[in-house]
Amino acid sequence: MDTLTKKSVQQLDEVAIRFCGDSGDGMQLVGTQFTNASAIFGNDVSTLPDFPAEIRAPAGSLAGVSGFQINFSSRDIHTPGDRVNAMIAMNPAALRTNIKDVEVGGIVIVNDDAFSKSDLQKAGYESNPLEDGSLSKYRVYRVPITKLNNEALKDLNIGAKAAGRCKNFYALGLVAWLYSRPLEPTIKWIQDKFGKKPEIAEANIRALKAGYYYGETAELFPTSFRIPRAKLAPGRYRKLTGNEAVALGLVTAAELAGKPLFYASYPITPASDILHQLSMYKNFGVKTFQAEDEIAAMASTLGAAFGGAIAATGTSGPGLALKMEAIGLGVMTELPVVIVDVQRGGPSTGLPTKTEQADLLQAVCGRNGECPLCVLAARSPADCFDMAIWAVRIATKYMVPVILLTDGYIGNGAEPWVIPDPEKLPKIEIKHPTSADASSFLPYQRNEHLARPWALPGTPGLAHRIGGIEKEDGAGHISYDPLNHQKMVDLRAKKVAGIVKDIPPLEVNGDPQGDLLVLGWGGTYGALLSAASRARAEGHRVSSAHLQFLNPFPANTGDVLSRFKKVLIPELNGGQLRKLIRAEYLVDAIGLDKVQGKPFLISEVYEKIISLLK
Amino acid sequence: MHHDTSLPVLTAKDFTTDQDVRWCPGCGDYSILAQMKKVLPTLGIPKENFVFVSGIGCSSRFPYYVETYGFHGIHGRAPAIATGVKAARPDLSVWVATGDGDGLSIGGNHMIHTMRRNVDLKILLFNNRIYGLTKGQYSPTSELGKLTKSSPMGTVDNPIHPCSLAVGAECTFIARALDADVKHLEYVLQRAAAHKGTAFVEIYQNCNVFNDGAFDYAAVKDHRAEHVLYLEHGKPMIFGKNRDKGIRLNGLEPEVVTLGNGMTEDDLLFHDESASEPVLALMLSRMTHPQFPEPLGIFRAVKRPTFDELLDEQVKNATKRLGRGRLAAMYDDGETWEVS
Ligand code: SF4
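Chains as they are written, first to last, in this note's numbering: chain Y, 1 to 614; chain F, 1001 to 1340.
Hints listed in this document are in silico derivations from the structure and should not be mistaken for laboratory results.
A portion of the hints provided could be inaccurate.
[Said to hold, decoys possible] Think about it this way: if two alpha-carbon atoms lie no more than 35 Å apart in a straight line, the pair counts; the simulated DSBU-like pairs of lysine-lysine are:
hint, chain 1, residue 1, chain 2, residue 2
1, Y, K193, F, K1320
2, Y, K259, F, K1320
3, Y, K431, F, K1037
4, Y, K259, F, K1037
5, F, K1316, Y, K188
6, Y, K209, Y, K117
7, F, K1196, F, K1320
8, Y, K196, Y, K231
9, Y, K209, Y, K7
10, F, K1047, Y, K427
11, Y, K566, Y, K494
[Unchecked claim] Take a look, some chain F residues computed to stay more than 12 Å from chain Y by CB distance:
hint, residue
12, H1110
13, G1136
14, S1150
15, N1158
16, P1254
Ideal Cβ positions, reconstructed from N, Cα and C, are used throughout, including at glycine.
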């Protein structure tokens, strides 16, 4: 047999693969590397990392399984893919927890060395699934990854443990061959990462190449696959997660405003990466503050805004609950602050590492008293960049706290991002009153946008006091006067409602009228857009629209809704936007609610659409 | 940046607001406000560079009564708000007015962490051992067994020593003063203002409505000398109307001794506010009436870099090392690719 015979190559449009293994197996790492290689190659990509809440659950246990899904395509894609076309399972626990997502006939590559009796037991298998016929629906490839990897590294003298740790790169190499991915980006990354430990770099590179050559030479795989480049809009790209995008957006906004950024946060999954990222940008004048708790993070953000900084904090659901009293103080003192909520499964501690969008009502209504503020939501990882800038723009123009909702799915998920030209981004104009205004200065006097002046400590003649007690209109003295309270409550509400004039209209994908509108918000954008497009392509009169501005809603929202016979609102919660839309527009919207810690599949939404058209 | 070399001469009047002061007549807060207004003009700081931050409670009305920038916050959060102000604006002189409930109960966590970070804030904790604004419930400094509205059978909560907490939290400046001793209060405020780092000042303050006379043992002039120990750096710890009593160390515990009969000043403890270890400060913070005279003055004043200074330095160092950040370079960090 000639093992060097060139194998056939099959072309595909779109592939979703999933790496899964123990949380110590480095699956997130190789998933990220595969994504980078695919993005640099020129595919559109969308990712879904999925990790356990436990840092290191017992090795081989079901609780310790970590996974990373990547959808890469020659077309424009918006989700990590409904079904997994190929899965790499490093142990039985990973196989067991992930196999149900693999399509019938899909590829399943397992590390054959990890299926000993005790491994199987830890995963709760009574018999070996590789031998009992239970995987007959799939194309299963048993590769002794541990053995082959150790064999490839045996003359390196780095010790068995260090060698064993390279097996994720062996698996990556194998999959890279299978899908014709370039190895160079990964090799370069390994060299940079392990620059100080050349023997480890060498071992990982060798494992990667060994995996690649194994695919090429072994008799196992009859074909490999090719996924041509996508026709993305021209430009320079990089891959960006939502959390990275928020960080870049906040720094950008501060630069556009010509002010330093202050970011205070208390570590919380899945928002901590924003803090990590921003703490690296000190040379932009960014000051990060890891506060003693969520409340202090919010309170210090208010203090920094009072001092004149672009001030922001980030958190997730339970943290947002803790911040609420201080956010109310921000509404009352009318200070420009941004609160980023990377939503996760709730209530209470809930599902810290899983996604959900159940904080919408908390963001819109979750404070004591009549306490309106502006609420925004990003719809994709890259959109987090734009929305973070929007948040700062609105906060500083209207002197109001802005909550930016993202979620674990878009926060950790990645997609290609067209790098903007910073020179072309519109500046954020901020005017502070000066001593020259002293004679007419009143701390609660309002401009045409109903914003009060942002007078900074240190300015002679403008000394004033702000606080949480109701203030007299204009003068800002403490006031318990009934009519003044009515007036101030009304003014604060009117100010927030007035933001509508800056908000772009709600865009409709598809015809502006029809039988069904699929309305969504936040991270469900990709699945909803794809499902509605599929139904439309089949001739149905279905359009979709996605809200990025949730308080206030875009001015044309009611008009858009009125042009459709039915409105479907799919949400990863119990129907929160549906409640707001019904209350605001008296539209009998229909819900599709899902709270499983996972994003929507396109098919779930599509099926609901079709069922409503019957 | 103020290059104003000729600062206008300020007086207490310059710090008087147009607000009616709404504390109960006879409240100890008036004395604190008066001494504060006396001290502020002497500090050589432009008036507009002062910021007063407070939480909730009677003491927290303070910012309304000084003509500076002010932020009346929410219950317990003043140190956190003030940390934000100071982090963003190290050029400002930031003061916190708080109370025993605000600062030690609902806001205890912020108090601890502000002190350990050594944020350059001056914290005035008005201790009246009661909740005044909510009309008379016991506070974390109320003595055990105290009868209040919320403890008709007496409290079962052991009180906290505020200055001990400050020692435990690594505070770099810890002091105690008394509303009734205005001269000494003024001195302590001066010292707090001069300190770089967190200055924690516990002020015994009489709430004449809900806890009248709580500090009479110290406040009433006739027996103050017997019940109070004025701390002086480098001096022996002597007290008493006739200055005939002192504090001596017996093993690891302090004891009151009478001078004479062979007992000399040299046998007494000498105060050292700058001792690098806070053992002495801790001991002083735990000496309570009636067993001991209660110390007033500076328990501890040591130097440590401040949080805001270090934060600023990191920005400066990073900028020096990497150059001023540019957005284009930030966007390009990592792998990029062209699509044409
Ligand atoms: S209640 Fe007590 S502390 Fe409050 S203002 Fe009246 S006397 Fe002062």
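Against the structure, the hints come out as follows:
{"no.": "1", "hint": "K193/Y - K1320/F", "result": "holds, 25 Å"}
{"no.": "2", "hint": "K259/Y - K1320/F", "result": "holds, 19 Å"}
{"no.": "3", "hint": "K431/Y - K1037/F", "result": "holds, 32 Å"}
{"no.": "4", "hint": "K259/Y - K1037/F", "result": "holds, 33 Å"}
{"no.": "5", "hint": "K1316/F - K188/Y", "result": "holds, 32 Å"}
{"no.": "6", "hint": "K209/Y - K117/Y", "result": "holds, 30 Å"}
{"no.": "7", "hint": "K1196/F - K1320/F", "result": "holds, 26 Å"}
{"no.": "8", "hint": "K196/Y - K231/Y", "result": "violated, 39 Å"}
{"no.": "9", "hint": "K209/Y - K7/Y", "result": "holds, 18 Å"}
{"no.": "10", "hint": "K1047/F - K427/Y", "result": "holds, 33 Å"}
{"no.": "11", "hint": "K566/Y - K494/Y", "result": "holds, 31 Å"}
{"no.": "12", "hint": "H1110", "result": "violated, 5 Å"}
{"no.": "13", "hint": "G1136", "result": "holds, 21 Å"}
{"no.": "14", "hint": "S1150", "result": "holds, 22 Å"}
{"no.": "15", "hint": "N1158", "result": "holds, 24 Å"}
{"no.": "16", "hint": "P1254", "result": "holds, 33 Å"}
In this structure, the hints that do not hold are numbers 8 and 12, in rising order.
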